[in-house]
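Novice: The lines below spell out each chain.
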Amino acid sequence: MPKIEYANLDAEIEKLHSEGFTYLTKITAVDYVDHVEVLYFLRDIEKNKEIVVRSDLAPNYLRLKSIMHLYPAADWYERELSEMFGIDFIGRKTKRLLLEKWDGKGNPLRKSFTWGSKYEVQE
Amino acid sequence: MIFMEENIAENEKVMNARKEMDKLVADSLKRYKLKPNALFVKLSDVTKHIAKKPVDWARTNSVWPMQFGLACCAMELMDFGSSRIDAERNGYLLFRATPRQCDAMIVAGWVTKSVIPELKRLYEQMLEPRYVIAYGECATSGGPWWESYNIIKGIDQVLPVDVYVAGCPPRPESLFQALIKLQKKIGGVVAKD
Amino acid sequence: MSETKINIGPIHPSTHGVLRLVVTVDGDTIKEVEPHIGFLHRGVEKLAESRMYMQNIVYMEKLDYAAPMAHQELYVSTVEKLLGIEVKERAEYVRVVLLELQRIASHLLWLGTMCNDIGQMFSMFMWTMRDRDMILRLLQEATGQRMFYVNMRLGGVNRDLPAGFEDDTYKVLDSIEHSLGEYKDFLESNPVFMERLKNVGVLSRENAIRLGVTGPVLRGSGIDYDVRRNSSYYKYTKLGFRPAVETGGDSFARYKVRMKEMQESISLVRKALEEMPKGDALGLPIKLIGAVPKEKEAIVKRELPRGEGMMYMVADKQRPYRLAIRAPAFINLAALDHISRGQRLADLFAILGSLDLVMADVDK
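Chains as they are written, first to last, in numbering that gives the first Met the number 0: chain A, 0 to 122; chain B, 0 to 192; chain C, 0 to 363.
Derived from the structure by calculation, the hints contain no laboratory data. Be aware that one or more of the hints could be misleading.
[What the hints assert, rightly or not] Residues from chain C shown here face chain B by an in silico Cβ test under 8 Å; the list is partial:
(1) Lys4
(2) Ile7
(3) Phe38
(4) Leu39
(5) Arg41
(6) Val57
(7) Asp132
(8) Val149
(9) Leu153
(10) Arg343
A virtual CB, placed ideally from N, CA and C, is assigned to each residue, including glycine.
Kindly produce the complete structure, drawing on both the sequences and the hints.
Specialist: Written out as structure tokens, the structure reads:
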């Protein structure tokens, strides 16, 4: 499927949900340095069809509408993405992070996150 | 983040309570000074000298390990306790999960920054004399996750370790050999197998 | 109406790994379960971006330590699709044999630990670990290692099956089939076992699709979806594979699905050993020089013992640019909150046992 514009993303997902693609496999994202690409993997279990919905986000405006009202399975995927990439999901009730206790600074899967020093000693 | 702050505040409360208790005990000891009875001290030395050998033999031949299986090395720990490589035939009975009844703590698996408070607390709850075995590469030195941002590079940055076992994962027979080395370190006569 | 919060802490003898549950309880009924995860997180997806293709196999195996062969094969298939390399014919049969043996070993481990959690049936744990040890010895003959076999190569495996492998396998499979019949007989006539599993943790059909669960949890609720048949790979349709489906949705249905899957795997291994053609099953050596990716990205799905796994990889000359892993245990744990509302507190561990979790899979 070709890439969808950011403005039409919500309408497209609701259209696919009403056509029968009711099973969400994964939501993930890739960080190319000048834009961030978001992917939704949807599936229709009765007819055994798969589809991938993609869209681009600008790196300084990372906001998406949450799809929890259509797919309750999106809850934990969205929490993981908001922690790893720094994407802000609008319309969620709880904003508690998933992996809460590692030092918590920065978003690990962005390319700007560098490793700690190799000889770092724990306190 | 909120949970980490609660934990730090709790730890501080516990440390303050301990300091106050130590001060109270020292004060009361200063007021009631007891002279140690010379005969009593000599008797207790003599009994300690006589009873050293049987007590050491008892401690050596019944080391009760505490399981701290976190990750893949826990699979080999389960195999170590089951029927083919039997752990009970040399005295390592009862893999308990409570630290109050155990002598040795076998740390198996990689330790992340979130698990360190639990590790320290369980070590402090064990009764003396207590020993720690680092099982596998991740507990020895960080293992294959050497460059990750979330793990500590070996548990000897947090706890005092007695025996290290290398391998990824080490075979259960290596754990057997490591426990025999621990028994020789405790002192006493090791029952030959 | 007074509610208390109970903390089932990270180190507990009954949870399969390091998992913290905060349970809100009113009397004896559960109102809400909140899992706190992340105690085993080490950033595998970020680590995989700094290693070359074939150096990453070591990381992928330690994602699921109860069945490492399955994750390893998933990763190697993704790299093969990216570089455009085809698998040899005899190697496909060899891979099917090793994967199905690994699936039997993983389900035996599940049976032992679940019976351990339910009623302290420690003897069941000892028997299944003995059977699992026999299979691990077979895998050690074929690959050289008991637990983390780095033996999949691009286009095949690193060593062909040794000389006496088939006779040993037939003996071991006969003994395991006999044991499975015994376990089924006395477990299903044990009143404690049946009361603790029947009508506990019911997941209806619509909720199973909405919550996105996979694997035996999905097939235990009446949905007929199995990656080995729907998007078939290697020779599963040729060997006549049929998935195991049960309606009912409770823990007893998930137990029956896994017992049927073990029987199916035993017959698949026997057929694959008979029909194996002669030839060469070796793949490329592990030091891959001059890899040229032919496609830009690759998506591969496989049926792991715990559910359906998927990998999505974007290529960047010699190493992956991004590797996204979909772990089945992650999304099965997210459904725990919904399944256990309204149940009693003592049933929480029976439900956790029937979901079959491995915590290193949940926090990648």
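Novice: Now tell me if each hint is right for this structure.
Specialist: Here is how each hint holds up against the structure:
| no. | hint | in the structure |
| --- | --- | --- |
| 1 | Lys4 | violated, 14 Å |
| 2 | Ile7 | violated, 13 Å |
| 3 | Phe38 | holds, 5 Å |
| 4 | Leu39 | holds, 6 Å |
| 5 | Arg41 | holds, 4 Å |
| 6 | Val57 | holds, 6 Å |
| 7 | Asp132 | holds, 5 Å |
| 8 | Val149 | violated, 11 Å |
| 9 | Leu153 | violated, 21 Å |
| 10 | Arg343 | violated, 23 Å |
In terms of the numbered hints stated before, the structure departs from hints 1, 2, 8, 9 and 10, listed from lowest to highest.
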